Amino acid sequence: MAKKKTSIAKRESANKTAYAFIAPYAILFLTFILIPMAMAIILSFTNFNAIQFPKFVGFLNYINLITQDEIFMQYVLPNTVAYAIIVGPGGYCLSFLIAWVLAQLSSVPRTILALIFYSPSLCGATGVAILWKIIFSGDQTGYLNSWLIELGIINEPIIWLTNASYLLPIVIIVALWSSMGIGFLSMLAGILNADESVYEAAAIDGVTNRFQEMIYVTIPTMKPQMLFGAIMAITGAFQNGTIGVQLTGANPTPGYAAQLIVNHIEDYGFIRYEMGYAAAVSVVLLAIVYIFSNIFKKLFMEKD
Amino acid sequence: MAYKGNNINPQTFEKGQAKLIAILLPLAMFMLLPIVFIICHAFKPMQELFAFPPKFFVSSPTLDNFKKLMKASQSSGIPISRYAFNSIIVTVIVVLASIFLSTATGFALSKLKFKGKFMLMEINNLALMFVAVAVMIPRYLTIDFLHMTDTYWAHILPLLAMPVSLFLVKQFIDQVPDALIEAAYMDGANDWKVYYKIILPMIKPAIATSAIMAFQQVWVNTESSNLYVSDENLKTLAFYMNTLANANNSVAGQGIAAAAQLIIFLPNLILFIILQKNVMNTMASSGIK
Chain P
0 MAKKKTSIAK RESANKTAYA FIAPYAILFL TFILIPMAMA IILSFTNFNA
50 IQFPKFVGFL NYINLITQDE IFMQYVLPNT VAYAIIVGPG GYCLSFLIAW
100 VLAQLSSVPR TILALIFYSP SLCGATGVAI LWKIIFSGDQ TGYLNSWLIE
150 LGIINEPIIW LTNASYLLPI VIIVALWSSM GIGFLSMLAG ILNADESVYE
200 AAAIDGVTNR FQEMIYVTIP TMKPQMLFGA IMAITGAFQN GTIGVQLTGA
250 NPTPGYAAQL IVNHIEDYGF IRYEMGYAAA VSVVLLAIVY IFSNIFKKLF
300 MEKD
Chain S
0 MAYKGNNINP QTFEKGQAKL IAILLPLAMF MLLPIVFIIC HAFKPMQELF
50 AFPPKFFVSS PTLDNFKKLM KASQSSGIPI SRYAFNSIIV TVIVVLASIF
100 LSTATGFALS KLKFKGKFML MEINNLALMF VAVAVMIPRY LTIDFLHMTD
150 TYWAHILPLL AMPVSLFLVK QFIDQVPDAL IEAAYMDGAN DWKVYYKIIL
200 PMIKPAIATS AIMAFQQVWV NTESSNLYVS DENLKTLAFY MNTLANANNS
250 VAGQGIAAAA QLIIFLPNLI LFIILQKNVM NTMASSGIK
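So the protein lines, in turn, are chains P and S.
Each residue of the first sequence is one higher than the last, beginning at 0 in numbering that gives the first Met the number 0.
Each residue of the second sequence is one higher than the last, beginning at 0 in numbering that gives the first Met the number 0.
So here's chain S without its partners, still in its complex pose (with noise of 0.2 Å):
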């Protein structure tokens, strides 16, 4: 039989496939393992966890990991829902914040036309070669010298500035017609007008993804609490979920790690299920070209 070519995007399932998921399935466990794991292990009652040989799946769960995890925080002298309410402040505002930049920019960079544009582009696109961890300690100088450490701006102000979301959302905007923005103009709308009532509408996948993007970013971060806040009660859950996990090496103690661990995955995977349509409808015009 002849090669017929193009079996890209299937619309339908043949036996073809079968093979392919044959191939996949392994490493896809692979992937999956530790993940299972984490749920396991976080509803497993104590003598599950001290079992020996230890058993990989729960068999009667229980929620008293996230119990105890409450208790341990109670004696802690900081309450879990103060750090909780942290996260949600910072996570927040984070997330539409940065959402705002990275549009208002995008519309500037790709649809007006000023000075230094062309520059400004150039300079983004070597920065998504960024590694924030390469310049932490400057950083740190620098969120010092604006006496913003033991604030919630130092939580805030370093991630809302993201290099790969702009150059996402430009990409996007790129591909709204001029013609169709030309005609706003005609009709006497202003730049804000047509940023409003144009381009935001039409660019809402590149808004999920941007959103999605800002909280993986600012949900998981502990740097911040680790180097620019002292204060506990300005700390994330993040960061405090992770000081459970550590402190508590014992077998006991992986218990509440996994729990702690849970509640901060959740929400991620949660949100990337819901938005996973408009993060592949945005990263279809993510090319460098």
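If we strip away everything but chain P, and leave its shape as in the complex, we get (with noise of 0.2 Å):
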């Protein structure tokens, strides 16, 4: 049967008035996204301070970035791994997992608790920072400090955010306390979403518990849910990377002891004026983003 041309593709060649849809969006899209993006990769070649005309040296920042920057490799470096390990892939395990609980509860209960557990998304950045400060403050009158010496944990106060051994770990709490965000809802829609029948097949098929059923059954169909709420875990574990500065109100954090990446481009590009070098370490900030990203793509992309 020859299918009648539909009125739609009709006017595929004709339609101007879609450029005007997508203009407005298009040239913001451009001008705070594409062209930021392309004017970091620039000037990560060149060293520009801000205020003389940016001057082309090549891969200089980068092999800078590699062989002389100690504080990079020493602290900025490793704390970004490690904070984006468990922030990322854990906050992400962490969101599924309770996605997937909450998809067994009925109604009510489920929307109490899912609302109580996106509640710190809501906070933004900086109110997250304002509230453990004050959970986590030094003295006597902390709250941390009060219970545990109340529990005979500890004798004396602990300045827990000026102490760097203990800075990271926080900061890894913090960022963990504060991950449940889109990622999450929309795994949650993704479980609740999934056909019945699918698994009333499984069941018969020989599916025994719970445990196989989330690793046959809800992973594969809510596959495309899964790289969304990847995806948005990997952006949010690093766009949240300012936590340390913001608990500790000091760039850089004591003893770089929460130094991320996001924060040593702050350092170089507004506090050094350095900027070709801090545009260099964002482009590799976008990379690792990149990378991550597209891991999770292999594990998750339906194959067509």
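Keep in mind the hints are simulated off the structure, nothing from the lab.
You can take every hint at face value.
DSSO-like, lysine-lysine: derived pairs with alpha carbons at most 27 Å apart:
(1) S/K288 - S/K276
(2) S/K276 - S/K196
(3) S/K116 - S/K203
(4) P/K222 - S/K116
(5) S/K67 - S/K54
(6) P/K297 - S/K116
(7) S/K288 - S/K112
(8) S/K116 - P/K296
(9) P/K15 - S/K112
(10) P/K15 - S/K116
(11) P/K222 - P/K297
(12) P/K15 - S/K196
(13) S/K276 - S/K14
(14) S/K203 - P/K222
Owing to the predicted nature of the structure, the values given are computational and were not obtained by experimental measurement.
Taking the hints as your guide, dock the two standalone chains into a single complex.
This is the structure in structure tokens:
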């Protein structure tokens, strides 16, 4: 049967209004997302102090980053890797598991609990910092200190936020606390929307417990949501990278203990005005996010 | 007993669910703790803030902290209403404009045919990975180049193009049946009419989601006031609340900071509670294929 051309298809070539629909978005997207990204790449090959015209220096910034920048190699990179691995995949698995358990509840308790888990995402990065700052306050009136003393675990208050050995774990805990974002909601909706007959069929085919069901039924049926959730988890983890600076109120953080790659960019860009070098660090960050996201794409992309 | 399978989305409460709630509850407590705490802290009178050992819950709540917050802003020369005004203007414009941008672009990408469509979709999907903090320097340079520093535009324009929002709206529009749109074209409607009369009413959940995501971004945003705006008169409420919280590191200041944080947090929470059904509805089609 020869299919009649639909009217949408007929207007294929004539449709100029389509450009009118996308133009405003496209212009803003170009100006504030694409051009800044391109500029970051270009600036990364220059020496730029924000006053004089940028001077082309080739790969010097990247070479310096790898060979000269001791702080980057000694603190920033290991911190970022530790942070990203725990908060990215860790937060992601946690989001999925919580969404999975929530999906097995009836509507009212599910909605209430989902709201509780999502609520930290509503605080905004700076709000998160203010909240936790009071809890981790360093003197005796700090809540955590007071509780720990009461329980007899410690004898003297610990100055949490300036102590290099506690700072990174604190930043990671706070980031995990606020990691149930859009990805979490997406996965919850994905699990809830699954076709019931698939579960019934799986039970007949010999799935014998909830864990098997999760691995063989739930995850495969919601791969698209899993991927969306993964990308949101990765970008969220890096976007929240400023928590350390906000908690301590200082960039660099005390002893570079919680210095993440985002803070390093800010440090060089807006404090030392070495914008070319900061741009090179930005490019490295974008590359890291891109690589992580692609790993997840390989895992969850449906093959046609 | 044989395994029955399918305990996803049960309609009624059963005994088995109590176990699950028991597992989730401690975690939920941990998630909720800081927020309950900030609410208590905001209403604590002076002697409770200084109490030793510190008490978690407030026992005689007052509005002292909120009053002090107002006073602090009076002494700084710029009334708090000015910051609030800035925030409201910026938030309203960003929410409305970004809804228009996301829905119009989503409509074109989903239902209209034009050259370069698939490339645009690919670019937008790549932009889901966009981390704004990574390009704060070139963004600053762009805004400076466009002479937008110290204007409202610096708060508004950088936030308008939201790849995640466009992505979600587009996925949602994909589900609007083509037949319906065809019928409208048959009746002589043009693209704008189809967008306005058919698409918009059918994607209300996605619009609500887009609105709340835009709101969440702009309402708590301190970056634009920090980097692009140096005129105190043009800074936003979130920024001001944040400086208050940072300036007052003393115990007495903590009460004010908590009150400030509560003022910022509550509108966000209320809006989300109102719209959460729509959000879940939109998220159901959020997958990347």
